[in-house]
Structures are given as structure tokens and as C-alpha cells.
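Enquirer: Each chain, written out:
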Amino acid sequence: MKKENRLAKRKRRNQNIAFGLFQLISYSIVALLFIILAFIVVKGIGVISWEFISEMPKEGMTQGGIYPAIVGTLCLVFGSMLFAFPVGVLAAIYMNEYVKDGWPKRIIKQMTNNLAGVPSIVFGLFGMALFVNKLEFGDSLLAGSLTLGLLVLPVVIRTTEESLKAVDDTFRQASLGLGASKWQTTSKVVFPIAFPNIITGLILSIGRVSGETAPILFTVAAYFLPKLPTSIFDQAMALPYHLYVISTSGTNIEASRAMAYGTALILIIIVLISNLLANALRKYFGKKVKMN
Amino acid sequence: MTKKALFLMLPLIGMLSCGKGKNEEGATTAETTSATTTVTIKGSDTVLPLAQKESEEMMKTNKEVSVTVVGGGTGVGMTALLEGTTDIAMASRDLKTEEKLKFSEAKKEIEIVTIAFDALAVIVNPANKVGQLTREQIEKIYTGEIKNWKEVGGADEKIVAYSRESSSGTYEFFKEEVLDKKNYATDILSMPATGAIVQAVGQTKGAIGYVGLAYETKEVKPISVSYDQGKTFVTPSIASAKDKTYPIARPLFYMYDKANAAKVKAVVDYALSPEGQKVVSEIGYIPLN
Amino acid sequence: MILMLSSASTSITVILIVFFLFVEGIGVFSKKPIEEGFLLAVHPSNTIQKLEPTQIKDIFDKKITNWSALGGKNEPIVLFRTEDITEFYSEEELGENFEHFPAKIDEYITRTPGVIAFFSDKYKSKDFHGKELDVNKITVYKFLSGEEWFPTAQPVAQMGVKPLILGTLWVSFGAILIALPIGLAAAIYLSEIARKRTRNILKPLIELLAGIPSVVYGFFGLVVIVPLVQDVFNLPVGETGLAGSIVLAIMALPTIITISEDAMSNTPRAMKEASLALGASQWQTIYKVVVPYSASGITAGAILGIGRAIGETMAVLMVTGNAAVIPNTLLAPVRTIPATIAAELGEAASGGMHYKALFALGCILFLITFCINMLVELVTNRNSHKKH
Numbered sequence: 001m002k003k004e005n006r007l008a009k010r011k012r013r014n015q016n017i018a019f020g021l022f023q024l025i026s027y028s029i030v031a032l033l034f035i036i037l038a039f040i041v042v043k044g045i046g047v048i049s050w051e052f053i054s055e056m057p058k059e060g061m062t063q064g065g066i067y068p069a070i071v072g073t074l075c076l077v078f079g080s081m082l083f084a085f086p087v088g089v090l091a092a093i094y095m096n097e098y099v100k101d102g103w104p105k106r107i108i109k110q111m112t113n114n115l116a117g118v119p120s121i122v123f124g125l126f127g128m129a130l131f132v133n134k135l136e137f138g139d140s141l142l143a144g145s146l147t148l149g150l151l152v153l154p155v156v157i158r159t160t161e162e163s164l165k166a167v168d169d170t171f172r173q174a175s176l177g178l179g180a181s182k183w184q185t186t187s188k189v190v191f192p193i194a195f196p197n198i199i200t201g202l203i204l205s206i207g208r209v210s211g212e213t214a215p216i217l218f219t220v221a222a223y224f225l226p227k228l229p230t231s232i233f234d235q236a237m238a239l240p241y242h243l244y245v246i247s248t249s250g251t252n253i254e255a256s257r258a259m260a261y262g263t264a265l266i267l268i269i270i271v272l273i274s275n276l277l278a279n280a281l282r283k284y285f286g287k288k289v290k291m292n
Numbered sequence: 001m002t003k004k005a006l007f008l009m010l011p012l013i014g015m016l017s018c019g020k021g022k023n024e025e026g027a028t029t030a031e032t033t034s035a036t037t038t039v040t041i042k043g044s045d046t047v048l049p050l051a052q053k054e055s056e057e058m059m060k061t062n063k064e065v066s067v068t069v070v071g072g073g074t075g076v077g078m079t080a081l082l083e084g085t086t087d088i089a090m091a092s093r094d095l096k097t098e099e100k101l102k103f104s105e106a107k108k109e110i111e112i113v114t115i116a117f118d119a120l121a122v123i124v125n126p127a128n129k130v131g132q133l134t135r136e137q138i139e140k141i142y143t144g145e146i147k148n149w150k151e152v153g154g155a156d157e158k159i160v161a162y163s164r165e166s167s168s169g170t171y172e173f174f175k176e177e178v179l180d181k182k183n184y185a186t187d188i189l190s191m192p193a194t195g196a197i198v199q200a201v202g203q204t205k206g207a208i209g210y211v212g213l214a215y216e217t218k219e220v221k222p223i224s225v226s227y228d229q230g231k232t233f234v235t236p237s238i239a240s241a242k243d244k245t246y247p248i249a250r251p252l253f254y255m256y257d258k259a260n261a262a263k264v265k266a267v268v269d270y271a272l273s274p275e276g277q278k279v280v281s282e283i284g285y286i287p288l289n
Numbered sequence: 001m002i003l004m005l006s007s008a009s010t011s012i013t014v015i016l017i018v019f020f021l022f023v024e025g026i027g028v029f030s031k032k033p034i035e036e037g038f039l040l041a042v043h044p045s046n047t048i049q050k051l052e053p054t055q056i057k058d059i060f061d062k063k064i065t066n067w068s069a070l071g072g073k074n075e076p077i078v079l080f081r082t083e084d085i086t087e088f089y090s091e092e093e094l095g096e097n098f099e100h101f102p103a104k105i106d107e108y109i110t111r112t113p114g115v116i117a118f119f120s121d122k123y124k125s126k127d128f129h130g131k132e133l134d135v136n137k138i139t140v141y142k143f144l145s146g147e148e149w150f151p152t153a154q155p156v157a158q159m160g161v162k163p164l165i166l167g168t169l170w171v172s173f174g175a176i177l178i179a180l181p182i183g184l185a186a187a188i189y190l191s192e193i194a195r196k197r198t199r200n201i202l203k204p205l206i207e208l209l210a211g212i213p214s215v216v217y218g219f220f221g222l223v224v225i226v227p228l229v230q231d232v233f234n235l236p237v238g239e240t241g242l243a244g245s246i247v248l249a250i251m252a253l254p255t256i257i258t259i260s261e262d263a264m265s266n267t268p269r270a271m272k273e274a275s276l277a278l279g280a281s282q283w284q285t286i287y288k289v290v291v292p293y294s295a296s297g298i299t300a301g302a303i304l305g306i307g308r309a310i311g312e313t314m315a316v317l318m319v320t321g322n323a324a325v326i327p328n329t330l331l332a333p334v335r336t337i338p339a340t341i342a343a344e345l346g347e348a349a350s351g352g353m354h355y356k357a358l359f360a361l362g363c364i365l366f367l368i369t370f371c372i373n374m375l376v377e378l379v380t381n382r383n384s385h386k387k388h
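Protein chains in written order, with UniProt numbering: chain A, 1 to 292; chain B, 1 to 289; chain C, 1 to 388.
With the rest of the complex left out, here is chain A:
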């Protein structure tokens, strides 16, 4: 009896140690997040000012602001969403509402998964080969947006599909039972219910797009532009590329380092806001949309 007690005690102790360790690890991951954030925030907060986000770079990128890079990133986000959102949503609707289970669906699903796994640099290569060279868009907002659009397409499709799946089948049956057509059911019943969750997915993809560097490296990014892009065939500056360039080149490294931290901070703020917004929405609508 006593022996068993000791054994149980030891077991309990071991378990507590293990659990404590796991807890420690989990909290350290979160701590790591805060370290990275704090690191960027502390070093970058000093640079942030109204001028920083509203002015052109000056004095060889060591003074002034990053306004054109912000505008460039916003244009890219908008352009890529303009392409990826309608296509992705329609694809998800078709897959979820129309196609019956079977091999075509499986193949499309598999292809979507594969596309999601394609490394971003490969998208860059592809964008350069197809949009920039073959279709002769040149280095332009159009080429960059399409490349980024393809990159987030699987994300949009997946989140939309999840949201559609979350809609209870009784709604569909009720609507169909009342004599509504399939399309009416989808567009008037299912889609409105799923819409908030779809928007969440959209916001998440915005976060993804604004942070990508590799796909825009050879399709749109410019080092310095004297003015904002005026057409979709113009090159543009973009935040992630700007950060990459000023943190690795420029003759006055110490002076541009501050600008680099500032740019990193702005970039993180944009990404975090879109993530937090998505999270808040997700919570607000009470239904879970999967990330990744």
C-alpha cells in the first residue's frame, strides 16, 4: 500500500514536472513573439512620425519617409485581392455547393493544396517568366499583383470553403424546399450567412500579401521612385522590399538602420492589425475559420 503510494507520488511529481515544462515552453514561444515585437517596436518607435509615413525618402534613404512604399504595398494588396478574392470565392462556392464528391473534386482539392505549398520564390520565378517576360507587362504593378494574387488564391479558397461548410445544411434544405433554385439558395441564403467568415479570410490574406518579398522581387519592386505609380504598368516601391534593401545596402548603414527599424515596425503594424482584426471578427461571429 505504502509502496504504491510512493509510486503514485513519483508519478504525480514527474507529471507535474513534464506539465510545467510544457507550460514553460508554450509561454516561451509567446514570449519570443513579444521579444521580436518589442525589439522592433523599441528600435523603430523613435522614427515613426507623421513625416515618416507621409513623405518621400530624402538624402539617400536616410531621411524623410516611406510614403511611396506604403502606397505601393496598398496598391499591391488591393490589386492582388481584386484578382484573388472573386476567383477564390467563386471557386470555393462551386466546389462546396455544386460539385459532388468524386475524383474531380479530389483532384482540384489536391491542386489547391499543392499550390498552397509552392514556395513564394517559385511564384516569383513564375511571375517573371509569364507576366513580365511572356505577356510583356514588364516590371509593373499588374505583374506583381497577379503574382501575389495567385499566391493567396489557395488561402482565399480554403477559408471560404471552411465558412461555407460551417453553414448548416438545414438552411439549404429549407430554401430548396421552398422552391428556390440552387443558385438562389447559394447566393441568397448560404453566401450571406458565410459572408462574415469569408471576410475574415480576406483580411488574413491581406496580411499575407503585404508581407511577401520574394514574389515581388522580380515582378514589381523598385528601389527609388520619385512619384507614386500612376498606372498599373508602373513599377512601385513596396514595404517588404524596401526593408530588405535599406537593411542591406546604402552607403550610410548607421543612418539607414533607423529607417529600417521604422519600416519593419510599420510593416508589422499592418500585418498585426489585419490579423487581430480577423481574430476579433472570428470571435465576434463565433465561428471558427482556420488559418494557414
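Quick caveat, the hints were computed from the structure, so don't treat them as lab data.
Please note: incorrect hints may appear among the correct ones.
Here are the computed lysine to aspartate or glutamate pairs in the EDC-like style, where the Cα-Cα straight-line distance is at most 20 Å [stated by the list, open to error]:
1) Lys140(B) to Glu148(C)
2) Lys100(B) to Glu83(C)
3) Lys100(B) to Glu99(C)
4) Lys182(B) to Glu147(C)
5) Lys11(A) to Glu273(C)
6) Lys100(B) to Glu35(C)
7) Lys100(B) to Asp84(C)
8) Lys96(B) to Asp84(C)
9) Lys140(B) to Asp61(C)
10) Lys63(C) to Asp187(B)
11) Lys283(A) to Glu207(C)
12) Lys105(A) to Glu377(C)
13) Lys181(B) to Asp61(C)
14) Lys122(C) to Glu109(B)
15) Lys102(B) to Glu35(C)
16) Lys162(C) to Asp187(B)
17) Lys182(B) to Glu52(C)
Treat the numbers as computed from the prediction; the structure is a model and nothing was measured.
Starting from the known structure of chain A, arrange chains B and C on it as the hints suggest.
Expert: Just chains B and C, lined up with the frame of chain A:
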């Protein structure tokens, strides 16, 4: 069905309204950029900061020209010039034979303008005792024959050699001038940009690297170099590069298609003007005279 | 119709990607690694017929200095490049527009028995007396097994991608070695141990890690992790595979945690309760019931994590040092495929051999990630069969 149409319209409406917003935004800047010619400059990352600052200064006074500056490396600039996607190519080396051939095949006559000189400084970590090296020693370090600082009179410390990526004109120039055209050893670390080399050499004890004189900072120590087997060592500086006693110096170029000369005239003229040459010194390169 | 088209969009994209990558990438094979329009020639009496690219590089690096080392006559090798001509002939002799250039090269080669000359086709005279050397074409096997990556080397490019492939796998493997135990521990904590409230706070925070752009990770790695690795391991250099692995591990963590945690949460409550009712401790329940049950989910998470790490570009480019050597330790610099593409594509003249070689690298990368995705599919499929 109307719903579907509406659904398809949504992004369109969004686009229109945004486009409008952008137009208004553009209108405020349009006053200054009306009736302008847009000149694109592309190429060498070494010339990049110079070209960027020069165009920035120029655009303050000359409202008729708008300049876009894009980096990527000398090779990128040459390709772009050949394909006609840039007006001016920045280069930190002369045309290669095959590039000359390609231009002549494309029936393009290329005008080459020297806009400044750049001296390459060989740099080490400030904690390193070694203060001078001969060209042969540097060659052996970069081709992997010398692996420890004690072989060249330093502490017993492994040599960590940093180089630029093979895309840069600096890489080629260093190979031609200092390595006697031999290939770099495979274990040389290559960095995507000069700034990264300075950063790395500054925080690595056994490091050696080469950068343009303009990039030199307090974080790294420049090495005196001898080109006559150790008789005289010359410290890299603007003065020694100007009077040609420092051997590792090279011209920096703007290259453009002669057919395109009128368009780029303002930019090239500015680069050669006294104001342009003042920017050259400010950036840390060596002015033409 | 529109619906169908858009649903096929991803498939079309994948096919397009495959098509463009392979069309460009395949071009590198069956090409000679020598610059187009150039030739290598030797003295007519030279017995050498063919040379490997590596041999040519060694000759021009002056590592091989005698023809006997290559099975030829005992004759010292004399290098000749086009621009060397001015050392032997004056400008007048060559003519104003180099019109006598071909004749002079021919003359020089025939009078120098040990010569190996590298010059343009244009300067090859009609009655050329020298012997042209044949350079072996790049084969798939050579491309994959070559150990040297000098895509811009003159006169002959070295296109060996083995160090790059191994570097990529090496760094990703290191990353998963770090990330898997940590990620698993965190997933177990989140799904089995933590209270619901804690979990609801922690999980979104961990997922935020996935939202931080890779450039920011690279930047953070460059100024924080690289010096740290250097100090801790007392290394001569901080830009190492390990620094890359650590950064990639942080980036792969959210993927691993999210997917494993989902799998664990799906363990039927009845199974867990049965185990507890039989007197097993919570710990025993976790590693005897929950972990085995969700094993395939965890595996999928780990594989996806590797996939993410393999394709990561910017962060790796900034922290691994990019030296193209075959890695044998995590504490040395490595060069990965994505970093190579990002760093070199800008320079390569479009359509050239180097450009095509980079697309071939893209193909390899695509194939690796494609296999990984298929593997995930396999693993998760097996899981769903098990469930039913």
C-alpha cells in the same frame, strides 16, 4: 441573376472608387510633374546610392525630368539596356566582350560615361592585428590557400572571407584585379549586398571583406594593400585613390543607347556638373577631377 | 461556367507553373556550359580531345599547370584569353578594327605548343590551325551531382547543384529538429493541459508568429540571432546553417502547433475518459492515447513545417552566409536553393544559361515541395480511413 451581376460588380465599383481616390492624390503631385520625361536608371548596387541622391537633388531644381532608380546589379542593368527596359544602365565595371557582342548584334551603339571613381577597400574586424596585406596574400585568402590569420602575421584565428554575390560588378572587378582572374574558393561567404558585408565583418572577429570606400565605417578597419610584393603599402583613402597610388580603384559608369541620348541628357549632364560631382564626394566616392 | 472556370483556377495555375518552370529549366540541359559564341582551342599537336568543366576551371585557376595531369604530353599549360592578345601584338598589328585579330590568334596558337585559348567564335579565322576542344554538355546527372556552383565562372560555368540541394535540406532538417519537440510540447499543453481561457489567449498569439513577414524575421535574425549563435558556440562566423535553422524553426512553429493541436483536440472524449477511468494518469493518457491517436496529424504538421522551411527565401538569404559548400555541420555557412534564386536571378541575362539553370533550380524546389504535399495527403488520408 441580378445578384450575381451585383456580386461581380462589387470589385469593379471598388476599383473605380479607389482609382478616383488615387487620381485625386496624384493631382496634388501632378502640378510638379506635368509634362515631364521619365528616365529609368537601373543596375549596379554600387552606383545606386549615388544615382539615387543625384536624381533626388536634380529633381529639386529640374522639374521636367522624373527619375526612377532601380538596383539589382550591373548585370541586371546591362540586360535591361539591351532589352530596352531602362534608359540608363549603371555599371561598376566595363562592358564584357560578350555584352559588347550582344549590343552590336542588337544594333545598339552604347555611350559609356564615367561619372565617378570608386576605390575598393579591403576591410577586417577592428580587433584584428593585421593592418597590411600584399595582393598575393589577398588572392590566396580568397582562393582558399591561406586559411588562418597567423599565416599572414595575425593571431591564430580562422579567416572568414566575405564576398559579394556573383551578380555584382564588384565581385567581377575584385576577381579580375585582385584574384588574377582565378575563381573564388567555394567556402567564401557571399552576401546579397555591401551593407551586409560591413555588418558581418563588424561583428565577426576573423572576418575579411571588400567594400566600396564609401561604405567604410568605424565598425570595420581598412587594410593597406601592396601591389609590389610588399615594398610599399598604400592605405585606401579618397586622396590616395585620386592620385592613383591606391591600386584597387575603378571607374563607375552610366551607359545608354546613343539613339536615346536626348532623353537622358539632363541626367547625364547633371552627373557630370559641379553639383553632381559634389554629390559624388558627399556619398563617399571619388570625383572625376 | 464562370464558377467552373474559377474552381479550376488553382489547377490551371499549378499546370502553368509547372509548364513555365520546366520549359525554361529544361533548357539548361543539352547545353554546353561554355559561353555561347565562344570556343576553347589548343595547339594542333595536343592529344587532349575533351575536357570536363571542372578540369577547365582548374586549368584557368592555375591548379592544373601541366597537360600531363590530364593525360596529355608533358607540356606546361599556357593560358590565353582574348584580352591577352595585346601582350603579344601591338595595336597596329591587330588593325584599327581588329581586322587582323583572327589571323594573329591563329598565329599565336600554332606557335605555342602548350596553349589553351579561350576566345570568341568571331575571331576564329577561316583556315584555323588550332584544335577546338569539345566541352561535355550539361547532363541531368552532372547537374544534380556536381559539387561546385560557379554559374558565372569564365570560361566554363560550373553548374553543380548538389551543395545547394543539400544545403536546403540540411537547414530545413535542422529547423524541424528544433521546432518539432518545442511545437509538440506546446501543442500538448494547449490541447490537454491548459485551461480553456489560457488556451484562447495563447493560441491566437502563437498564430500571430505566422503573420510576421519573413523579411522581418531575416532582419531580426541578422542583428540578433547571428551574433548570438557566434557567441554561444564561439564560432569564427555567425552566419551559419544553425542561425538559419533557428529562424526557420520559429517560422515553422505556428504551423506545427496549429495542426498538431487540432489533431489532438479531435481525440474522442470517450477514449480519453476511458483511459483515465482505468486509472491512468493524465500524463499516461496523453502519451499512450492522445499522441498515438493524433500521430498522423502531428506528422502532417511536421511535414508541412518542413515544406514551409524549404521554400523560405528572404529570412534564409539574410542569415545563412550563402557559401555554396556541401554542409557537414550546422555550424558552417550554407547556401539554399531559394536564396540562390533570389540573389542571382536579377543578374542572369534572361534566356541565358545561368537564367535557365536558376529555373531548373526552381523546378527542383517545386518538386520537393510537391512531394511533401503528396506525403501530407497520404498521411492524412490514412488517418481518415482509420477513423471510419
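Enquirer: Are there hints from earlier that the structure breaks, and if so, what are their numbers?
Expert: none
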